[in-house]
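Visitor: So the sequence lines, in the order shown, correspond to chains A and B.
Mapping to our numbering: the first sequence position 431 is 431, numbers consecutive.
Mapping to our numbering: the second sequence position 119 is 119, numbers consecutive.
I should point out that these hints are in silico values taken from the structure, not numbers from a laboratory.
In this text, all values refer to a predicted model and were calculated from it rather than measured experimentally.
Any given hint could be a false lead.
Copies of the same chain look alike in the list, so a pair counts if it fits in one copy or across any two.
Heads up, simulated DSBU-like pairs for lysine-lysine below, C-alpha to C-alpha not over 35 Å straight-line [said to hold, decoys possible]:
1) Lys-2 - Lys-474
2) Lys-452 - Lys-118
3) Lys-38 - Lys-452
4) Lys-118 - Lys-38
5) Lys-118 - Lys-13
6) Lys-205 - Lys-436
7) Lys-38 - Lys-81
8) Lys-38 - Lys-433
9) Lys-205 - Lys-121
10) Lys-11 - Lys-452
11) Lys-38 - Lys-11
12) Lys-133 - Lys-121
13) Lys-141 - Lys-13
14) Lys-216 - Lys-175
15) Lys-134 - Lys-5
16) Lys-388 - Lys-38
17) Lys-318 - Lys-38
18) Lys-216 - Lys-174
19) Lys-483 - Lys-367
20) Lys-94 - Lys-393
21) Lys-478 - Lys-441
One letter stands for each residue in the lines below.
Number of protein chains: 2
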Amino acid sequence: MKGQKLYGEYKTKMQKIADLQFASALMQWDQEIYLPPKGSDIRGSQIATLSELSHVMFTGRDMRKLLNELSKSKDLRADEKRNAELSFRDLSRKTKLPASFVRELTETSNRCFHSWIKARKENDFSVFRPALKKMIGLKRKEASLIGFEKHPYDALLDEYDHGMTVGTLDRMFKKLIPALSILLDKVLQQQKGDDRILKQHYPEKKQWELGIELLKRIGFDFEAGRQDLSEHPFTVHLNSKDVRLTTRIDEKDLANMTWSCLHEGGHGLYEQGLNAEQYGLPLGEACSLSIHESQSRFWENCVGRSLSFWKWNMPMLKQIFPRQMQGVSANDFFRVINRVSPSLIRTEADELTYHFHVLIRYEIEKKLIQGEMETGDIPDYWNQLYEKHLSVKVPDDRQGCLQDVHWSHGSFGYFPTYSLGSLYAAQFYLEMKKAKPAFDKMIESGNLQHIKTWLQENIYRHGRRFSSEQLCKKACGKGLDPKFLISYLTRKYITHKS
Amino acid sequence: MKGQKLYGEYKTKMQKIADLQFASALMQWDQEIYLPPKGSDIRGSQIATLSELSHVMFTGRDMRKLLNELSKSKDLRADEKRNAELSFRDLSRKTKLPASFVRELTETSNRCFHSWIKARKENDFSVFRPALKKMIGLKRKEASLIGFEKHPYDALLDEYDHGMTVGTLDRMFKKLIPALSILLDKVLQQQKGDDRILKQHYPEKKQWELGIELLKRIGFDFEAGRQDLSEHPFTVHLNSKDVRLTTRIDEKDLANMTWSCLHEGGHGLYEQGLNAEQYGLPLGEACSLSIHESQSRFWENCVGRSLSFWKWNMPMLKQIFPRQMQGVSANDFFRVINRVSPSLIRTEADELTYHFHVLIRYEIEKKLIQGEMETGDIPDYWNQLYEKHLSVKVPDDRQGCLQDVHWSHGSFGYFPTYSLGSLYAAQFYLEMKKAKPAFDKMIESGNLQHIKTWLQENIYRHGRRFSSEQLCKKACGKGLDPKFLISYLTRKYITHKS
Numbered sequence: 001m002k003g004q005k006l007y008g009e010y011k012t013k014m015q016k017i018a019d020l021q022f023a024s025a026l027m028q029w030d031q032e033i034y035l036p037p038k039g040s041d042i043r044g045s046q047i048a049t050l051s052e053l054s055h056v057m058f059t060g061r062d063m064r065k066l067l068n069e070l071s072k073s074k075d076l077r078a079d080e081k082r083n084a085e086l087s088f089r090d091l092s093r094k095t096k097l098p099a100s101f102v103r104e105l106t107e108t109s110n111r112c113f114h115s116w117i118k119a120r121k122e123n124d125f126s127v128f129r130p131a132l133k134k135m136i137g138l139k140r141k142e143a144s145l146i147g148f149e150k151h152p153y154d155a156l157l158d159e160y161d162h163g164m165t166v167g168t169l170d171r172m173f174k175k176l177i178p179a180l181s182i183l184l185d186k187v188l189q190q191q192k193g194d195d196r197i198l199k200q201h202y203p204e205k206k207q208w209e210l211g212i213e214l215l216k217r218i219g220f221d222f223e224a225g226r227q228d229l230s231e232h233p234f235t236v237h238l239n240s241k242d243v244r245l246t247t248r249i250d251e252k253d254l255a256n257m258t259w260s261c262l263h264e265g266g267h268g269l270y271e272q273g274l275n276a277e278q279y280g281l282p283l284g285e286a287c288s289l290s291i292h293e294s295q296s297r298f299w300e301n302c303v304g305r306s307l308s309f310w311k312w313n314m315p316m317l318k319q320i321f322p323r324q325m326q327g328v329s330a331n332d333f334f335r336v337i338n339r340v341s342p343s344l345i346r347t348e349a350d351e352l353t354y355h356f357h358v359l360i361r362y363e364i365e366k367k368l369i370q371g372e373m374e375t376g377d378i379p380d381y382w383n384q385l386y387e388k389h390l391s392v393k394v395p396d397d398r399q400g401c402l403q404d405v406h407w408s409h410g411s412f413g414y415f416p417t418y419s420l421g422s423l424y425a426a427q428f429y430l431e432m433k434k435a436k437p438a439f440d441k442m443i444e445s446g447n448l449q450h451i452k453t454w455l456q457e458n459i460y461r462h463g464r465r466f467s468s469e470q471l472c473k474k475a476c477g478k479g480l481d482p483k484f485l486i487s488y489l490t491r492k493y494i495t496h497k498s
Numbered sequence: 001m002k003g004q005k006l007y008g009e010y011k012t013k014m015q016k017i018a019d020l021q022f023a024s025a026l027m028q029w030d031q032e033i034y035l036p037p038k039g040s041d042i043r044g045s046q047i048a049t050l051s052e053l054s055h056v057m058f059t060g061r062d063m064r065k066l067l068n069e070l071s072k073s074k075d076l077r078a079d080e081k082r083n084a085e086l087s088f089r090d091l092s093r094k095t096k097l098p099a100s101f102v103r104e105l106t107e108t109s110n111r112c113f114h115s116w117i118k119a120r121k122e123n124d125f126s127v128f129r130p131a132l133k134k135m136i137g138l139k140r141k142e143a144s145l146i147g148f149e150k151h152p153y154d155a156l157l158d159e160y161d162h163g164m165t166v167g168t169l170d171r172m173f174k175k176l177i178p179a180l181s182i183l184l185d186k187v188l189q190q191q192k193g194d195d196r197i198l199k200q201h202y203p204e205k206k207q208w209e210l211g212i213e214l215l216k217r218i219g220f221d222f223e224a225g226r227q228d229l230s231e232h233p234f235t236v237h238l239n240s241k242d243v244r245l246t247t248r249i250d251e252k253d254l255a256n257m258t259w260s261c262l263h264e265g266g267h268g269l270y271e272q273g274l275n276a277e278q279y280g281l282p283l284g285e286a287c288s289l290s291i292h293e294s295q296s297r298f299w300e301n302c303v304g305r306s307l308s309f310w311k312w313n314m315p316m317l318k319q320i321f322p323r324q325m326q327g328v329s330a331n332d333f334f335r336v337i338n339r340v341s342p343s344l345i346r347t348e349a350d351e352l353t354y355h356f357h358v359l360i361r362y363e364i365e366k367k368l369i370q371g372e373m374e375t376g377d378i379p380d381y382w383n384q385l386y387e388k389h390l391s392v393k394v395p396d397d398r399q400g401c402l403q404d405v406h407w408s409h410g411s412f413g414y415f416p417t418y419s420l421g422s423l424y425a426a427q428f429y430l431e432m433k434k435a436k437p438a439f440d441k442m443i444e445s446g447n448l449q450h451i452k453t454w455l456q457e458n459i460y461r462h463g464r465r466f467s468s469e470q471l472c473k474k475a476c477g478k479g480l481d482p483k484f485l486i487s488y489l490t491r492k493y494i495t496h497k498s
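Here chain A stands alone, though its shape is the one from the complex (with noise of 0.2 Å):
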């Protein structure tokens, strides 16, 4: 019984400090969309307060016993011993950052973020270098602070998938690049048509209603969730009730929209899909980001690009867009969505020259973390890279290394997480349709069911249980390869299957 008691302690004081980072998730999600513009300096120190609280709270002395005592604890479920352990090894992680530090890097992801706006603004990347500077400074701190065995990057790549490497990822890509290279070529010479039908003039409160109705038709709940417009799409969730998405419209690109409606809807659907009673505990979180980001993907790409769930949407789509969409068949829609061409922006690529975007991030990153690259040399190489691997000419900064958001929050570590992801929501993806032959019939008919249900199954119930290799493995029978992205591009691209 003494371990029931802690474990009702550990998991009260988990939960205050949920409360605290999603006050701090609010404060963040009202930044981008609803704050003044006069309220944004003080509001960067009312969410360094909040970081600073959390990790006082979580990393104090009161904490530390309770997971030691926790630790030698015989009588507790599975559940708990499991929750135990991994806010042990967060605990391990944090500790090694100091309070004044971790304070000192969110003020500094704020003034980065500011100062990024206003580079963008100006569309000059030297107007950001200083607080980059400081930012990439203070990401080699942390890595040195928390520790690493081979490289640097390693200490970060952790933050977001636990266990994750320089190694494992310099095999993967390794594998995965060469032949998105033959299969980019292939298309590239294969490829007709434009994509002139998704170019056209889409008023923002349609394209709106079309959004939310797609959302809808996913399974969004949105008596447990909402969705408003900033300029950079993002999902932040305050607790599994309340998930919150946002989306962006450009009047002039339907694609715009709708994808990153989908992609976000897909982060949506696998915060609400947690486990409410673990609010605060590990097991209540999601696995790692790559897998978050395969949930993304996966709705977004391999079910929100595919054939048949054109089928099923065209009438609706129709009936939104009639003078848009007149004449356009699923068929011919399926077609124009999923054009191949190597382009400037990340978040606008298709699903083959995506991966060279991520690429070209993970190989800057490497070198700034490992102190081979400074910071002012930033624009130059990723214009050699964007000329090396997709042939394109950067034209200037905003469409070149100013374009994520990524940096200025001091996220490094992350983007390799967009590829892990799109590799695992391939093989999730073909994983369900060999279980289940009549998959693609049910989406045209408008079920989703069978989607749901392995994704409850496999995914959203076991949180941060498992490894994201390891939630593979006991999803698929395998751990990650490349081969099953490729030979989804393959059929895609190729034989034009959804």
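Following the hints, put chain B in place on chain A, whose structure we already have.
Guide: Okay, now just chain B, sitting in the frame of chain A:
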């Protein structure tokens, strides 16, 4: 120099506490505007955690020690000394409430709020009764924990207006109410016409536009604030550079939005006018709720229902509502918006009958907190008092004792500040007019500089330096006296001058 070091520590701590409190304020703001329905349970406990933590940080041993040492320090500037004194007073009050009690109060308030919402929906006080009974029990306990000399209600009044007592309020109402009764009879005999002009169809979008324009015209800074829609208008500040108003729109009634907007705008101007340098410290806070209310009532009524204000704004109003305002002069409008009519709903009451609404709540609250009345007796007693003072029959709870949100928040002792605010507002207004003979002419020409300067000089800049009574004496050479309100109302309603 030691004092300066201590003061620095105190300031840093106070600002962190403020960060927590404003995070909680944002959560409450969000709760009334954007929170998805299923998120409300956890939101309650998230808010409770923030309240508890800020309470613990403020009442902890460190802060007590700091404030004790500061109270002995000789090298503080006057402002610093005053901040430390006021924090010491706050601490003495707050120390009397255990953290667990604060948490219980916050959580009860959240449940109570939702049960009030439900009761209003079902138009049935009995749905609200159990939660309200719990809340009243807690407030009675709070009064006994805080302590009082004569009446337990004094302990609660003190939180909203330091030093206010049942004795003072009883004397004030004894002077005010009979004079208002006489005035009311006179006005009702003389008054002609109706308010049909205000009850036409006023489309939501156009009303929104009018509200924003009025706020801009009275000087609300939208770079340091915003407005949203909510069911019950309110103002929340996250710091003086982030002040948020809400309003509601009834398409069949122009008055509802217009004067609620000016009311909240008055609160907002006060918050934006506070000293940003004093963030988190008493001198950066509003004097009292009574003075806060004086600011909202001043802009809503003294200015916002004056003839000169509408002489200035009539062209703009006609531009937004050309059809509805056709043939209406500023004089006509002034008469219509100042019609007196005993009615059921406090927030829609005219300036004269308003104080009967407040008196009724005050009488009920006194009895509840004294323990002289049961929660279940509220509706009957409420209805009796409305019949007695305003000769109106209350048809149902929604238009009766369920109309205000305050009790669900546990804000007992708050209502009297509405009357006090009106008294102060009238007294300030007459003082300003005396000092500046061109007062009305300046408003007519759209120049509000004289008002802004007076308020900045006499109210905003002082923060909590003085008590309400002291502030009033300094500004007007005389403490609060109901005669000013009576003279102001007589002038407006009998001689029809602004």
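Visitor: Take the hints in turn and mark each one as holding or not.
Guide: Evaluated hints:
no.	hint	verdict
1	Lys-2 - Lys-474	within (34 Å within a copy, 63 Å between copies)
2	Lys-452 - Lys-118	between (42 Å within a copy, 34 Å between copies)
3	Lys-38 - Lys-452	between (44 Å within a copy, 21 Å between copies)
4	Lys-118 - Lys-38	within (15 Å within a copy, 38 Å between copies)
5	Lys-118 - Lys-13	between (39 Å within a copy, 32 Å between copies)
6	Lys-205 - Lys-436	neither (38 Å within a copy, 51 Å between copies)
7	Lys-38 - Lys-81	between (47 Å within a copy, 29 Å between copies)
8	Lys-38 - Lys-433	between (52 Å within a copy, 33 Å between copies)
9	Lys-205 - Lys-121	both (26 Å within a copy, 31 Å between copies)
10	Lys-11 - Lys-452	within (29 Å within a copy, 52 Å between copies)
11	Lys-38 - Lys-11	between (38 Å within a copy, 22 Å between copies)
12	Lys-133 - Lys-121	within (19 Å within a copy, 56 Å between copies)
13	Lys-141 - Lys-13	both (29 Å within a copy, 27 Å between copies)
14	Lys-216 - Lys-175	neither (38 Å within a copy, 61 Å between copies)
15	Lys-134 - Lys-5	between (45 Å within a copy, 29 Å between copies)
16	Lys-388 - Lys-38	neither (43 Å within a copy, 50 Å between copies)
17	Lys-318 - Lys-38	between (43 Å within a copy, 33 Å between copies)
18	Lys-216 - Lys-174	neither (39 Å within a copy, 60 Å between copies)
19	Lys-483 - Lys-367	within (28 Å within a copy, 77 Å between copies)
20	Lys-94 - Lys-393	neither (42 Å within a copy, 64 Å between copies)
21	Lys-478 - Lys-441	within (26 Å within a copy, 83 Å between copies)
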